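The chain contents come next:
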Amino acid sequence: MEPWLIVALVIALALFFDFTNGFHDTANAMATPIATGALSPRVAVALAAVLNLVGAFLSTEVAKTISGGLIREGEGGVQITPALVLAGLIGAIVWNLVTWLFGLPSSSSHALFGGLIGATAVGAGIGAIDGDVFLAKILIPAVLAPLTAGLISFLATRIAFGITKKRQRDGFKRGQVFTSSLVSLAHGTNDAQKTMGVITLTLIAAGFQEPGSGPEFWVIAACAVAIALGTYSGGWRIIKTLGRDITDVEPAQGFAAESATTATILASSHLGFALSTTQVASGSVIGTGIGRKGASVRWRTAGRIGIGWLITLPASGLVAAGAALLAATGPVGVIADVVLAAAAILTIFLVSRRTRVDHRHFHQPEPGQFVAPKRRKKERVR
Amino acid sequence: MIDWMSFVIVVVASMIAACGVVTLFSLGLRLADGTEPWRRPVAVVLFGLCAVAVAAGIYLIVPALHGG
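Quick mapping for you: the protein sequence lines, in order, are chains A and B. Counting from 1, one number per residue, gives the positions in the first sequence under our numbering. Counting from 1, one number per residue, gives the positions in the second sequence under our numbering.
Among these hints, one or two may not hold up.
Unchecked claim - Distance ranges between label pairs, derived from CB positions:
1) A/Pro-331 / B/Pro-63: 51 to 61 angstroms
2) B/Ala-55 / A/His-359: 25 to 35 angstroms
3) A/Ile-348 / B/Asp-3: 32 to 42 angstroms
4) A/Gly-214 / B/Leu-49: 33 to 43 angstroms
5) B/Val-45 / A/Thr-347: 53 to 63 angstroms
6) A/Trp-299 / B/Ala-55: 36 to 46 angstroms
7) A/Arg-42 / B/Val-42: 14 to 24 angstroms
8) A/Arg-42 / B/Asp-33: 28 to 38 angstroms
9) B/Ala-55 / A/Val-332: 47 to 57 angstroms
10) A/Gly-214 / B/Asp-3: 22 to 32 angstroms
11) B/Val-45 / A/His-359: 33 to 43 angstroms
12) B/Ala-55 / A/Gly-127: 22 to 32 angstroms
Claimed, not checked - From the derived model, a few chain A residues whose C-beta atoms are all more than 12 angstroms from chain B:
13) Val-43
14) Leu-58
15) Gln-79
16) Ala-128
17) Pro-141
18) Gln-209
19) Tyr-232
20) Leu-266
21) Val-297
22) Arg-298
23) Trp-299
24) Gly-333
25) Val-339
26) Leu-346
27) Ser-352
28) Arg-356
Simulated from the structure, these hints should not be mistaken for lab results. On a predicted model such as this, the values are computed, not experimentally measured, just so you know. We put the CB at the ideal spot given by N, CA and C, even for glycine.
Looking at chain B on its own, in the form it has when it is part of the complex:
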């Protein structure tokens, strides 16, 4: 009746996605704040990865993109 397996998958998937994005964004903020020259490019890469996550979200939301 209750599909517990799909519930567990939903929990795990959303946990990985949410915590992943928050980790990337937080690290980006942390690294953007500093004087060493290497910090800024790394922060930009991290924010870029967050942008990829947003794009993935849009892909999932818009039915025309994922063919459903």
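So here's chain A without its partners, still in its complex pose:
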């Protein structure tokens, strides 16, 4: 098979993965402000999209390994071929779409890692995967992230409700705009980088780019646009799960949960203990549900999300392993992979049409209003 053709396919799939990454993660930042009415659904996704776009251009350092050290890449390890990356991306995309269909907030990075692990296990044997790194980077953080964020969010919720009186709590909506914007910006700088890394490393592996050089400008721009478009299209199903289904979120809770999310993500990315944004955000929402008196957490929904996290990695790994087996048969297999992936994407899209969830599902008494100015005016007239 012509090398440029497979590289072109990898780039196309990587950009599509970036798109799914965007709409999968809109909820992390924007589920609670939409739920409390701090931002109208349309404004929220537009804001998140712009911040992701800006964030993608701000990120300077692109991942040095495709798998983040999970697979022993490079010298003395396995060579991850473009065909394996292609199979891994197919696994990640399909799993991202399946979890979206069920409205589950699952980590896009885990889907990508799972896909690459599955593809590599087929291509180079299971020994190519670093088990210790897997435990330290994926499994244990997946338990710690929601616990940490949940605890902090719980405390912050208690503080917010302890200090303020009921009639003052609408003011938290203003704060929510800032906290959720920070989450979006952080997401843009982190997640677009992953796709840039995958594309750049594939270009290098195929000999189209100098080893050790950074991403080309068109790669940065394409990734930024893909993630922003994905974010703008809004994963409404996941927003609904996170903002509505786990617990009913009030403005004070939204502010407390997002502060916890922002603080945890920033601390984890700067103090050397990486945590998944999706898991942190979900943990924060659960924590704030426990923290408000009279609020209840729907543990059944929380449990479904937890199961989603557990199977994300193996599931996308299995899909990718199947794709890698097919790709190993030669150029025809690679083409068959892409056709099958397109068919799967189309099927999931068609199934999703049966039960539409979109921005109209988020009824807000006064969309986009911080307070209720009309009522105040009337009072003044009197």
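Since chain A is already given, all that's left is putting chain B on it; use the hints.
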């Protein structure tokens, strides 16, 4: 294998940051609501401190600002 020390640091740092910001903002909201003349300026100062926290967040997010 697992760097528990850095995990504890992450927990403590994010707890202080999140609870600190929420405390400042909540106090600001509480003080902004009232008639005494001293309340409003104090609330403005508290909100200002929250703005500083947001600026610190942006500083940490944008790699060009912290030289990484």
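Hint by hint, here is what the structure shows:
no.	hint	in the structure
1	A/Pro-331 / B/Pro-63: 51 to 61 angstroms	violated (40 angstroms)
2	B/Ala-55 / A/His-359: 25 to 35 angstroms	holds (31 angstroms)
3	A/Ile-348 / B/Asp-3: 32 to 42 angstroms	holds (38 angstroms)
4	A/Gly-214 / B/Leu-49: 33 to 43 angstroms	holds (38 angstroms)
5	B/Val-45 / A/Thr-347: 53 to 63 angstroms	holds (57 angstroms)
6	A/Trp-299 / B/Ala-55: 36 to 46 angstroms	holds (38 angstroms)
7	A/Arg-42 / B/Val-42: 14 to 24 angstroms	violated (36 angstroms)
8	A/Arg-42 / B/Asp-33: 28 to 38 angstroms	holds (31 angstroms)
9	B/Ala-55 / A/Val-332: 47 to 57 angstroms	holds (56 angstroms)
10	A/Gly-214 / B/Asp-3: 22 to 32 angstroms	holds (28 angstroms)
11	B/Val-45 / A/His-359: 33 to 43 angstroms	holds (38 angstroms)
12	B/Ala-55 / A/Gly-127: 22 to 32 angstroms	violated (48 angstroms)
13	Val-43	holds (19 angstroms)
14	Leu-58	violated (5 angstroms)
15	Gln-79	holds (27 angstroms)
16	Ala-128	holds (19 angstroms)
17	Pro-141	violated (9 angstroms)
18	Gln-209	holds (22 angstroms)
19	Tyr-232	holds (20 angstroms)
20	Leu-266	violated (5 angstroms)
21	Val-297	holds (19 angstroms)
22	Arg-298	holds (24 angstroms)
23	Trp-299	holds (23 angstroms)
24	Gly-333	holds (38 angstroms)
25	Val-339	holds (39 angstroms)
26	Leu-346	holds (36 angstroms)
27	Ser-352	holds (32 angstroms)
28	Arg-356	holds (34 angstroms)
When the structure is compared with the earlier hints, violations turn up for hints 1, 7, 12, 14, 17 and 20 and for no others.
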